[in-house]
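Asker: Residue-level listing of the chains:
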Amino acid sequence: MTDQTHITRRNLCIGSASLGLLALTAGVWRYAPPRARELFISAQGDKPETFGLAWVDVNNLDAHNPRAQNLPAFFRGHGTAHNPVATHKVVMLARHPGNEAIEIDLNQNRILARFSCVTESYFEGHGCYSADGLRLFTSETHRQTGVGSIGIYDTKNWKKLGQMDSFGIEPHELKLMPDGFTLVVANGGLGYSNTSLGYSNASERTPNNLASMDSNLSYIDSRSGTLLEQVRLTQVPNPTEFSAEALSKASLRHIDIAADGQVAVAMQVQRDAIADKTIVPLAALHRRGEALQLLAHPMPVIAQLQDYMGSVAINSAAGVAGFTSPHGDLAVFWHLVSGIFAGYHELHDACGIAVSGDQEHFVLSNSAGQLRFIHALTLQENPQRRLAFAGLHWDNHLSIISTRPPVSAA
Amino acid sequence: MKLLKLIKIAKSSVLLACIAAGCLTLTACNDTRENDSVVVTQAVLDATLAEAVDAQIVPAVDRFKHQNQALINSANTFCATPSETHLIELQNQWKNLAAAWYALLPYNFGPLNDDVVFPEYIKVDSYRLNGTDYTATVRAEITKNLKGSFALNADYFAAQAFQKLGLLALEVALFESYQNAQQTPAVIVEEFVQMPRKCQVVQGLAQQLMVSANYFENGWRSDYKNTGKAYRTLFLNAQLADGTPPITQLLSSVQEALDYLKKRNVVNNRAQLSGETWVLMAALVDEVDTLLNGTGRNQFAIFSLMTANGYSSSVAAVKTNIAGLRDAINSRDAGVFASYLGLLDGNFKREIPNALNVQLGLNFTDGD
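Protein chains in written order, with my numbering: chain A, 550 to 959; chain B, 659 to 1026.
Chain A extracted, bound-state conformation (with noise of 0.2 angstroms):
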């Protein structure tokens, strides 16, 4: 009896124990903060009453009927911009010469917050935050005068801060460096008149200064508007297998910077301005204080991209800067560290690409709705892995973000 009694007071605690183990577990589990969600986010539609943002939770699929979340915009959308801080948080900005943007919470599902560039401006289709998530930075040009800037807003009630000198004409994408604080601006360097951006249709926006375009790389300080360091395609050194003309026709983009902040370019070229039949590099990798290394070769292939290079992203585990040409049906591939052409991979109108969370994949999209998975070290398309979304059209950026629910939703 004594031994059960000391037995069963035993197992009580024991009991007591487990229970208050148990408890604790519980109230872990309970407070933990839920699940991050990779999602695969980009601008989508082909007419401006479906033109929205879409987005995937691809860890979250029916394989059997794949659907995304698609918010209306109303306006046609080029990048996206991920908070760094309140990873809910997108913004959207409007294609050139839009002057639109939203704000949407991605757990919600709705737009937070419209707002617009001043009127004699216009947004470039690029933003990226500061890395306090508190100032958004966007790519803008002037209409009446085509200065280019960039736009700095406070991202509590996006209004319009101020804005600092882009140190080239028409800014395109712009990103954060590794630092922190370092801007790296591609300035695209065409102009247009602005009856040219009048036009509803911008395919029909013709450059008007394809004598004089000037297109730069240009590192700025985000805190004092500072230019650090500005890079041009013709200061490549020896330039003699690329005549110094056809170079000065390529224009500077899109870029991504891998985790050792070596950046790679993808860049677009005026044909038209070219009296030669060169074929033009379309990509270019650089690091700071050193000239722009072209990705050139092979001579074919960059042929088959039709001049024109849409999206760029590095995967720095891979080591390797995968690009996309619309115009080409082609994804294509380099090795950051040597130059060397790694691969490609066929996809009618690919413009969308970035890399997975686990830095396995990179990953296309196209405008017919598809999202296609290519190993990053084989640079071979998963086929199970494909997806297709109907009546959606993946417009040029593909973007994949982690966003964790705050702790109070969970």
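Treat the hints loosely; a few may be bogus.
Keeping only pairs whose Cα atoms sit at most 27 angstroms apart, straight-line, the calculated BS3-like set for lysine-lysine is [to be verified]:
(1) B:921 <-> A:826
(2) B:802 <-> B:753
(3) B:1007 <-> A:596
Cβ-Cβ distance ranges computed for the label pairs, FRET-style [as the list claims (entries may be wrong)]:
(4) B:699 <-> A:611: 20 to 30 angstroms
(5) A:742 <-> B:899: 40 to 50 angstroms
(6) A:613 <-> B:699: 21 to 31 angstroms
(7) B:813 <-> A:587: 47 to 57 angstroms
(8) A:610 <-> B:989: 39 to 49 angstroms
(9) A:847 <-> B:845: 35 to 45 angstroms
What the hints contain is simulated information worked out from the structure, not anything from laboratory work. Just so we're clear, the structure is a prediction, and the values are computed from it rather than from any experiment. The C-beta atom is built at its ideal place from N, Cα and C for all residues, glycine as well.
Chain B: place on chain A using the hints.
Answerer: Leaving out everything else, chain B in the frame of chain A:
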């Protein structure tokens, strides 16, 4: 009683059919829509594609091979008994072959263009890649071949870079002398007589071109890229490797050919020695025209689909632009020809896909 019921059912069916037909007619009368739903079924679209493949694309592949074989035969005849008559026959056969190529040019996909790095078509037409004129390269190569003593056999030509092969190399070899680039037939014939290696060059180039022609034919008809399946089968079953719908593939390819002619100013840069450039342009325009109109052996044609979908004004616009191209060809007006190329190129980007409810892709343009 039963008969009465049957008559009533039949009357109802006729009434329903009339209403349905009326609805279709009303739908078809609207010519201002863009990319909304169309009445032509997938089966009709598939039949139209099958007609395009079997009545035009595969025959164009066959004609190219046939003309290539005729060139080989003609070269053998000329080389056996060189004469001005045989030279002119050989030159005319080159013209026939070039025309067959330009009829095939709108279909630059599948076996013609199945490798990103070294697509087969560039071995036929080096200019098509990016508009680089390799005439100087070809002349230097012919000179090297004539002056050398190495064997000009099949292995030698198989190892040659694409810039030194194809229609251009044959044109230079057949239409001018390597010394002083003279075009007088007597001078050219005399050179062939004095330099037997020149015949080996022509025969080697023609045989190598046949390798490409065989590759095209085998890919379309029998085995595409070692899949064990004909590209025709893959295309018509919508089983293209990258998932592109076949109608998208076809329309994009024709549009790219038109864009190529204009952007690379082909009319002023190709077939200059033979003086055949306008004939080649006509061959391409004829092919595109027939693709749209159909061969007439049945009702399956792109224009018919567009009309059935209510886009008769778009059909008229496309026909106007094709007529403009023909006028420009007849008057040898390169400027007007380029203008109409641009218009027809635009038709293949917008009016035709819209009328067929086909998505070619988004408008990714310079500045995006």
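Asker: Now tell me if each hint is right for this structure.
Answerer: Each hint, compared with the structure:
At most 27 angstroms may separate the alpha-carbon atoms for a hinted pair to count; residue 921 of chain B and residue 826 of chain A meet this at roughly 10 angstroms. A C-alpha spacing of about 25 angstroms is found between residue 802 of chain B and residue 753 of chain B, which places the hinted pair at or below 27 angstroms, so the restraint holds. Between residue 1007 of chain B and residue 596 of chain A the alpha-carbon distance is near 15 angstroms, which keeps this suggested pair within the 27 angstroms criterion. Under the hint 20 to 30 angstroms, the C-beta atoms of residue 699 of chain B and residue 611 of chain A, about 29 angstroms apart, fit the expected range.
For the pair residue 742 of chain A and residue 899 of chain B, the supplied restraint of 40 to 50 angstroms holds, since their beta-carbon distance comes to about 43 angstroms. At about 25 angstroms, the CB distance of residue 613 of chain A to residue 699 of chain B agrees with the hint of 21 to 31 angstroms. About 54 angstroms separates the C-beta atoms of residue 813 of chain B and residue 587 of chain A, a value consistent with the hinted range of 47 to 57 angstroms. At roughly 59 angstroms, the beta-carbon separation of residue 610 of chain A and residue 989 of chain B lies outside the given 39 to 49 angstroms, and the hint is violated.
The given range of 35 to 45 angstroms is respected by residue 847 of chain A and residue 845 of chain B, whose C-beta atoms sit roughly 40 angstroms from each other.
Hint 8 from the earlier list is the only one contradicted by this structure; the remaining hints agree with it.
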